[in-house]
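Turn these sequences into a full structure, and let the hints guide you.
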Amino acid sequence: MKIGHSFSLKMRQALTVVAACSLIACGDSDSSSTSSGANNGNAGGARVLRAETVLPPGQSGNVSLLGQAQGLLSGSPASYGSHIDDQRELYWSFRAKPAVLGTRPGSPSSPKSGISIYRDDFGVPIVYADNTQDGWYGVGYAIAEDRLFLLDAVRRTAKGTLAELTGCSAVPADIQQRLLAYTEAEYQTMFDAATSEAKASVLGYVDGVNARIAAVRNNPTLLPAEYGLLTSLPEPITVSDVLASGVYITRFVAAEGGNEMANVELLKSLSTSLGSERAGKDAFLDFTWLDDQQAAVSVPSSGPRFSNHTTPKSAREAVFEQQATWAMTLPVTLANGLGTGAAPAPVPCGLPVIAMATSASSALASAVPREVLVPKAGQKMLAWAERPSTWVLAKSALVSPTAEQKYASRELTQRVQVAMNELRAYLHGGSHAYAIGSSRTKSGGTLLVAGPQLGYAYPLLLVEFEINIPGVSARGASVPILPAVGIGYSNHAAWGLTTGYSKTIDSFIETLCSTAQRGQGECLANQYFHDGLWKNMSCRQESIKYRAATQGVPLLPALLSTSAQLCRTLHGPLVARDDDAGLGRSVSYAMWLREIETIEGIQAWSRAKTFAEFDAAMALVTWNENTVVATRDGHIAFYHPGLHAKRHPSTDMRLPIKGTGEFDFDGTLSFSATPQIRDPAQGYLANWNNKPALGWLDGEGLGSTSRPGGAGQRVTIIADLLASRHDWAFSDLIALDEAVGTTDPRAREFVPILQRFYDAQASQLSAPSRLLLEAMLSWDRRHYAKGLDIKDPMARDTPGATVFDEWIRSLRDSLFARLREAPLGEGSAYDRFAGVGSHVFDQSVMDNVALRILAPGRSSIATRWPWAAGRSLEQLMVESLNLTASRLSQTCANGGELTPGLLAQCRRVHPRSQLCSLSGVIGPGASTVPGTSCVTMPYQDRGSWVQRIGFE
Numbered sequence: 001m002k003i004g005h006s007f008s009l010k011m012r013q014a015l016t017v018v019a020a021c022s023l024i025a026c027g028d029s030d031s032s033s034t035s036s037g038a039n040n041g042n043a044g045g046a047r048v049l050r051a052e053t054v055l056p057p058g059q060s061g062n063v064s065l066l067g068q069a070q071g072l073l074s075g076s077p078a079s080y081g082s083h084i085d086d087q088r089e090l091y092w093s094f095r096a097k098p099a100v101l102g103t104r105p106g107s108p109s110s111p112k113s114g115i116s117i118y119r120d121d122f123g124v125p126i127v128y129a130d131n132t133q134d135g136w137y138g139v140g141y142a143i144a145e146d147r148l149f150l151l152d153a154v155r156r157t158a159k160g161t162l163a164e165l166t167g168c169s170a171v172p173a174d175i176q177q178r179l180l181a182y183t184e185a186e187y188q189t190m191f192d193a194a195t196s197e198a199k200a201s202v203l204g205y206v207d208g209v210n211a212r213i214a215a216v217r218n219n220p221t222l223l224p225a226e227y228g229l230l231t232s233l234p235e236p237i238t239v240s241d242v243l244a245s246g247v248y249i250t251r252f253v254a255a256e257g258g259n260e261m262a263n264v265e266l267l268k269s270l271s272t273s274l275g276s277e278r279a280g281k282d283a284f285l286d287f288t289w290l291d292d293q294q295a296a297v298s299v300p301s302s303g304p305r306f307s308n309h310t311t312p313k314s315a316r317e318a319v320f321e322q323q324a325t326w327a328m329t330l331p332v333t334l335a336n337g338l339g340t341g342a343a344p345a346p347v348p349c350g351l352p353v354i355a356m357a358t359s360a361s362s363a364l365a366s367a368v369p370r371e372v373l374v375p376k377a378g379q380k381m382l383a384w385a386e387r388p389s390t391w392v393l394a395k396s397a398l399v400s401p402t403a404e405q406k407y408a409s410r411e412l413t414q415r416v417q418v419a420m421n422e423l424r425a426y427l428h429g430g431s432h433a434y435a436i437g438s439s440r441t442k443s444g445g446t447l448l449v450a451g452p453q454l455g456y457a458y459p460l461l462l463v464e465f466e467i468n469i470p471g472v473s474a475r476g477a478s479v480p481i482l483p484a485v486g487i488g489y490s491n492h493a494a495w496g497l498t499t500g501y502s503k504t505i506d507s508f509i510e511t512l513c514s515t516a517q518r519g520q521g522e523c524l525a526n527q528y529f530h531d532g533l534w535k536n537m538s539c540r541q542e543s544i545k546y547r548a549a550t551q552g553v554p555l556l557p558a559l560l561s562t563s564a565q566l567c568r569t570l571h572g573p574l575v576a577r578d579d580d581a582g583l584g585r586s587v588s589y590a591m592w593l594r595e596i597e598t599i600e601g602i603q604a605w606s607r608a609k610t611f612a613e614f615d616a617a618m619a620l621v622t623w624n625e626n627t628v629v630a631t632r633d634g635h636i637a638f639y640h641p642g643l644h645a646k647r648h649p650s651t652d653m654r655l656p657i658k659g660t661g662e663f664d665f666d667g668t669l670s671f672s673a674t675p676q677i678r679d680p681a682q683g684y685l686a687n688w689n690n691k692p693a694l695g696w697l698d699g700e701g702l703g704s705t706s707r708p709g710g711a712g713q714r715v716t717i718i719a720d721l722l723a724s725r726h727d728w729a730f731s732d733l734i735a736l737d738e739a740v741g742t743t744d745p746r747a748r749e750f751v752p753i754l755q756r757f758y759d760a761q762a763s764q765l766s767a768p769s770r771l772l773l774e775a776m777l778s779w780d781r782r783h784y785a786k787g788l789d790i791k792d793p794m795a796r797d798t799p800g801a802t803v804f805d806e807w808i809r810s811l812r813d814s815l816f817a818r819l820r821e822a823p824l825g826e827g828s829a830y831d832r833f834a835g836v837g838s839h840v841f842d843q844s845v846m847d848n849v850a851l852r853i854l855a856p857g858r859s860s861i862a863t864r865w866p867w868a869a870g871r872s873l874e875q876l877m878v879e880s881l882n883l884t885a886s887r888l889s890q891t892c893a894n895g896g897e898l899t900p901g902l903l904a905q906c907r908r909v910h911p912r913s914q915l916c917s918l919s920g921v922i923g924p925g926a927s928t929v930p931g932t933s934c935v936t937m938p939y940q941d942r943g944s945w946v947q948r949i950g951f952e
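This note's numbering puts the first residue of the sequence shown at 1, with every later residue one more than the last.
These are computed hints drawn from the structure, not numbers from a lab. Given the structure is predicted, the values throughout are model-derived calculations rather than measurements. Errors might be hidden in some of the hints.
Pairs of lysine-lysine, DSS-like flavour, derived with a Cα cap of 30 Å [unchecked claim]:
id, residue 1, residue 2
1, K658, K313
2, K658, K646
3, K442, K609
The calculated label-pair distances, taken between Cβ atoms and stated as ranges, are [claimed, not checked]:
id, residue 1, residue 2, range
4, A767, G787, 24 to 34 Å
5, E613, A723, 23 to 33 Å
6, D666, K199, 31 to 41 Å
7, Q322, Q682, 35 to 45 Å
8, P331, E89, 47 to 57 Å
9, A817, N536, 48 to 58 Å
10, S763, G901, 20 to 30 Å
11, S301, Q322, 28 to 38 Å
12, A723, E542, 47 to 57 Å
13, S301, A868, 24 to 34 Å
14, S563, M328, 31 to 41 Å
15, T329, A214, 54 to 64 Å
16, S872, S302, 30 to 40 Å
17, R756, A817, 19 to 29 Å
Think of the CB as a built atom: it goes at the ideal place given N, C-alpha and C, for glycine as much as any other residue.
Take a look at the structure:
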């Protein structure tokens with residue numbers, strides 16, 4: 001695209017936005033004054049809180065219509081509005097902003113008497129009030145200033161009313177959400193059971209958000225631009241909106257399961273591609289194991305054991321055989337239904353349907369990826385295609401302003417739904433947290449780093465704030481609309497959260513009254529067979545409203561509607577049914593009707609003055625979020641909490657369960673039975689979504705999310721670093737964060753194998769193989785070159801990193817190429833087992849199986865299927881090195897033999913992370929004008945939001 005042409009498009013689009021702006025009397029956006037404040041000391045102990053945070057690209061996601069026009073004209077992300085892009089380069093340089101508690105920078109705003117909202121230099125709201133309800137009123141108001149459209153989208157997705165904003169294509173997702181969630185009466189019961197403190201926080205938050213919504217509705221200059229393009233206005237939120245959002249986020253952040261039919265499909269595919277059911281089962285067990293005693297864990301291996309299944313180890317294989325044989329008889333029709341987003345959209349519908357995910361595992365598979373591979377040499381990176389690791393050139397044809405408006409509106413409605421799918425995926429995409437105890441710090445205090453990994457966007461899916469009310473002074477991050485400091489710190493404690501990935505959602509296969517049985521009068525419609533009786537399902541009819549769409553643009557209020565019958569069994573919502581077969585699938589949530597109880601525990605964290613108080617609060621949470629804590633009084637701890645079902649010993653958590661009654665659960669485990677450790681002798685604790693403890697079974701084993709635990713896991717990077725010193729200090733946390741985010745997790749296990757092979761075989765190797773080995777063995781094990789220019793999209797990594805990554809891929813192909821012949825969804829079994837999600841250089845399930853073959857002592861499990869096909873270790877190594885040399889010859893030597901000189905120049909372009917507009921067409925990284933692209937920055941495997949805390 002020519003520069004002049006690009007500018008012309010931007011100018012006309014900007015004028016279009018300005019024209020829309022003039023229709024509602026746009027003026028300057030409101031802004032809060034910000035200034036730096038002095039760091040306060042902290043009472044309550046000799047140690048001083050030290051804190052810094054960074055939230056890229058910035059605190060604000062509020063782009064007005066005028067701001068959109070200004071941003072389009074300038075092309076600079078910062079031009080879209082204040083604090084939209086002022087932390088991006090700070091973050092990618094491994095720096096952070098000061099974030100101690102209790103500052104009062106500048107002059108406050110006051111949305112209500114008794115409430116003061118200060119803003120620091122980066123726009124983070126610091127709220128002061130004299131009581132809980134007013135404090136959360138201030139937080140709600142401030143968050144609505146920064147993230148109103150995202151907050152609105154979250155609540156509409158959670159309540160199943162997104163189609164009322166974006167039109168007919170969201171109807172299937174709305175039906176799904178209403179089926180999986182609760183009724184208004186059930187939300188009211190939850191609220192009535194809450195403590196007065198929790199009620200006050202919710203009521204205050206609702207009132208604060210609604211005060212801001214009222215201000216926006218009364219002053220169109222404050223209206224976020226997304227509403228302008230959707231020809232809509234934000235509606236007030238309710239208490240049940242907040243509760244529904246809490247349930248929605250909890251389901252996709254702190255719960256896992258319900259995807260067992262994917263494993264049934266895998267079993268069938270492996271059996272077909274490998275030639276027999278026995279072979280299929282063996283291959284399945286090789287890649288979806290339950291408990292490797294050599295796995296990396298957070299509770300030290302010398303510590304206590306925990307179990308989340310009643311099946312004795314000696315009986316597990318027999319149980320699997322029985323359940324797998326039965327599961328493979330189930331029809332594919334049970335995989336999808338109303339509860340998986342597979343309901344049809346109303347006809348006609350002018351937009352393509354984008355179904356919502358059912359859990360993190362399925363969400364990650366369907367979401368647009370954040371991490372990308374590099375484009376081909378000479379190809380200009382302009383727009384992101386939907387398929388992973390693919391760049392496409394954007395449109396360059398001239399379009400009229402009217403066509404541009406239609407394009408923007410269509411794109412926005414689709415991107416809003418995709419963004420909500422990504423919200424589920426990336427809130428669940430992987431996070432790390434680690435704490436250093438007093439025995440390993442220079443000062444004798446404690447340290448903590450927390451990094452939730454949610455991808456990157458304009459804006460990020462988390463928002464930062466500080467609240468100061470009687471009994472609470474805390475700062476941290478949360479999803480907009482949730483009144484809690486989810487990940488954060490106070491003057492007495494700091495805590496980080498990571499997704500637990502334990503199996504807390506289970507599929508039950510129900511025996512339904514079939515069409516034939518109803519015809520013969522044996523039973524009635526909507527009945528299921530349980531405990532020897534036909535029982536009535538609990539069914540209700542829901543009306544789903546939606547806006548009409550003309551040429552993909554939603555118009556007028558939500559005047560149209562469709563209806564759906566939503567049913568539950570005693571196990572849970574019926575997500576799929578096949579009435580001809582007389583079968584259905586329901587999903588059982590261990591947290592059913594108890595999700596909101598978690599808010600009591602989280603709020604108690606902020607109030608805790610001692611470790612004992614924090615420890616007691618952990619028993620209150622019902623979600624499965626790993627929690628790492630460090631306290632001022634010198635303690636560290638790790639918890640893998642939540643409600644976990646007591647499963648029947650004749651069930652296998654990787655597969656569906658018969659719902660006829662004999663395999664029903666026997667309540668949930670007690671808190672004391674869940675993995676936890678306090679002040680371990682090793683002096684540190686870390687979790688990066690890894691297996692919590694030995695003996696705790698791994699769940700469904702769905703590839704890049706709830707993958708089974710092995711010796712190779714990214715958490716070992718953190719553990720090895722923390723174990724290397726006894727003099728850690730707060731000032732070291734920056735370098736520690738950098739090392740964690742730039743070290744290749746695969747190197748720890750595979751480089752020693754390469755070294756042993758080189759030592760034994762160097763004299764017998766070909767020159768290219770020896771050259772490749774020496775490059776890998778002299779490599780610093782970083783996937784990120786020292787001094788890499790963050791602004792250079794063609795910045796390159798080292799030869800060692802380049803060769804090692806290619807060797808890993810070659811090793812996979814040498815051992816497991818046959819898995820490409822086993823179709824699975826839109827890909828293959830190979831894709832599932834090699835998948836690493838957004839962690840580009842992570843050790844996959846496939847890599848752990850390869851490790852088991854090359855170094856059997858690194859696993860307590862032996863492989864069943866003969867993947868090596870009779871080849872010795874030496875033969876496998878030579879084969880993989882030869883394949884590596886052949887591939888690098890093509891990319892680095894024009895097909896000739898690699899030489900030392902050519903290898904020194906063999907440096908891959910480092911992958912780039914994308915920062916795209918969350919809505920797709922508003923703000924930086926949007927595609928409002930065809931040809932614009934996302935902002936890219938070099939890939940670092942770090943928290944999307946980072947907090948570094950010390951009590952020294």
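Q) Is the gap between the beta carbons of E613 and A723 within 23 to 33 Å? A) Given about 29 Å between the Cβ atoms, the range holds.
Q | Holds or violated: K442 to K609, with C-alpha atoms at most 30 Å apart | A | 23 Å, holds
Q.
Run the distance test for K658 versus K646: straight-line Cα separation, threshold 30 Å.
A. 16 Å, holds
**Q.** Satisfaction of the hinted span 47 to 57 Å by the C-beta atoms belonging to P331 and E89
**A.** 54 Å Cβ-Cβ, so the 47 to 57 Å window holds.
Q: Return holds or violated for the Cβ distance of R756 and A817 against the range 19 to 29 Å.
A: About 25 Å separates the Cβ atoms of R756 and A817, which means 19 to 29 Å holds.
Q) Is the gap between the beta carbons of A767 and G787 within 24 to 34 Å? A) 31 Å, holds
(Q) Looking only at beta-carbon atoms, does the pair S563, M328 fall within the given range of 31 to 41 Å? (A) For M328 against S563, whose Cβ atoms are near 36 Å apart, the range 31 to 41 Å holds.
Q.
Please check whether S763 and G901 have a Cβ separation lying inside 20 to 30 Å.
A. 23 Å, holds
**Q.** 48 to 58 Å as the expected CB spacing between N536 and A817, which holds or is violated
**A.** 52 Å, holds
(Q) Taking 35 to 45 Å as the stated bounds, is the beta-carbon spacing between Q322 and Q682 within them? (A) 41 Å, holds
Q) Does the alpha-carbon distance linking K658 and K313 stay inside the 30 Å limit? A) 21 Å, holds
Q) Given a hinted range of 28 to 38 Å, is it respected by the beta-carbon distance of S301 and Q322? A) 31 Å, holds
Hint check: no violations occur; every hint is consistent with the structure.
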